[in-house]
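Going down the list, the sequences are from chains A and B. Residue numbering for the first sequence is 1 to 125, as defined by UniProt numbering. Residue numbering for the second sequence is 1 to 118, as defined by UniProt numbering.
These are calculated hints, taken from the structure and not from any lab test. The reader is advised that the hints may include incorrect statements.
[To be verified] Beta-carbon label-pair distances, calculated as ranges:
| id | chain 1 | residue 1 | chain 2 | residue 2 | range |
| --- | --- | --- | --- | --- | --- |
| 1 | B | L19 | A | I120 | 35 to 41 Å |
| 2 | A | N21 | B | E39 | 41 to 47 Å |
| 3 | B | L12 | A | Q13 | 17 to 23 Å |
| 4 | B | L19 | A | R97 | 18 to 24 Å |
| 5 | B | Y93 | A | R97 | 38 to 44 Å |
| 6 | A | M43 | B | L19 | 21 to 27 Å |
Even glycine gets a Cβ: it sits at the ideal position worked out from N, Cα and C.
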Amino acid sequence: MIRARTFTDARQQSHSNAELNWWIFMRISGLILVFLILGHIYMTFIQVSESDATFDAVVGKLANPAWKFYDWLILALSLMHGANGARYSIEDYVRSRPNRAWVKGVFYTVIALLFAFGTIGLFSI
Amino acid sequence: MYRGREGQWAFLLHRLSGLAILAYLMLHVFSIGSFIFGERFYMAIHETYDLWPFRIGLLFVTAGVVYHAFNGLRIIVMDFTGFGVAYQRQMWYGVLLISVLSFIGAAWTLYPRLVGGY
Chain A
1 MIRARTFTDA RQQSHSNAEL NWWIFMRISG LILVFLILGH IYMTFIQVSE
51 SDATFDAVVG KLANPAWKFY DWLILALSLM HGANGARYSI EDYVRSRPNR
101 AWVKGVFYTV IALLFAFGTI GLFSI
Chain B
1 MYRGREGQWA FLLHRLSGLA ILAYLMLHVF SIGSFIFGER FYMAIHETYD
51 LWPFRIGLLF VTAGVVYHAF NGLRIIVMDF TGFGVAYQRQ MWYGVLLISV
101 LSFIGAAWTL YPRLVGGY
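With the rest of the complex left out, here is chain A (with noise of 0.2 Å):
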């Protein structure tokens, strides 16, 4: 894990290529995610009352192609930002070797799942 306060410094401290990507990553999708995100909870929270987030309400919306590929968008960044951010917590909490394999190895496949729910799920309309 990269503890930088530049990007500098997280290139002389990052030990692989993958460890600087998802450093990258973290900001890029970040900076990305702000605007999807906020766009997201205006349009479905505040512009629309959630007494009107119904099922046909849902299946209506996500008919529309641009919705699908918002909202595919979303699912796909939001989950690897936020696995990579529970990545570093859990290498900074879980000290042990053996429990942290499979502590990880648990929490991987549940993302997986959950991003293949969702994307079938989103493109199953």
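Assemble the complex: chain A is given as a structure, and chain B must be docked to it using the hints.
For chain B alone, coordinates are given in the frame of chain A:
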């Protein structure tokens, strides 16, 4: 490097809000995605999510997302500009202010739902 003062709290809150948002995201993907099992299953989950702990949770998840988003921008500014580190403390108080305002705004918007109706 993160020991003491505002930077440490910014880091801790970023982590806690991130983990909380991930937990919310996992419930959210499952509940919204459950429409593939039909309307009855979907509504059964959504009636559970209408219990009061989840209603109050909405306030915290809103403020948590706003905090995480704006503190993330603060981190990006620190990483990629020369002045970011020098002003990180001031920016953090700005982030806190925006988060508190969102909490109040969400409470205002959600008030009918919090007290039991829509």
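Going down the list of hints, with the structure as the test:
{"no.": "1", "hint": "B:L19 <-> A:I120: 35 to 41 Å", "verdict": "violated (26 Å)"}
{"no.": "2", "hint": "A:N21 <-> B:E39: 41 to 47 Å", "verdict": "holds (42 Å)"}
{"no.": "3", "hint": "B:L12 <-> A:Q13: 17 to 23 Å", "verdict": "holds (21 Å)"}
{"no.": "4", "hint": "B:L19 <-> A:R97: 18 to 24 Å", "verdict": "holds (22 Å)"}
{"no.": "5", "hint": "B:Y93 <-> A:R97: 38 to 44 Å", "verdict": "holds (40 Å)"}
{"no.": "6", "hint": "A:M43 <-> B:L19: 21 to 27 Å", "verdict": "holds (26 Å)"}
The earlier numbered hint that this structure contradicts is number 1, and it is the only one.
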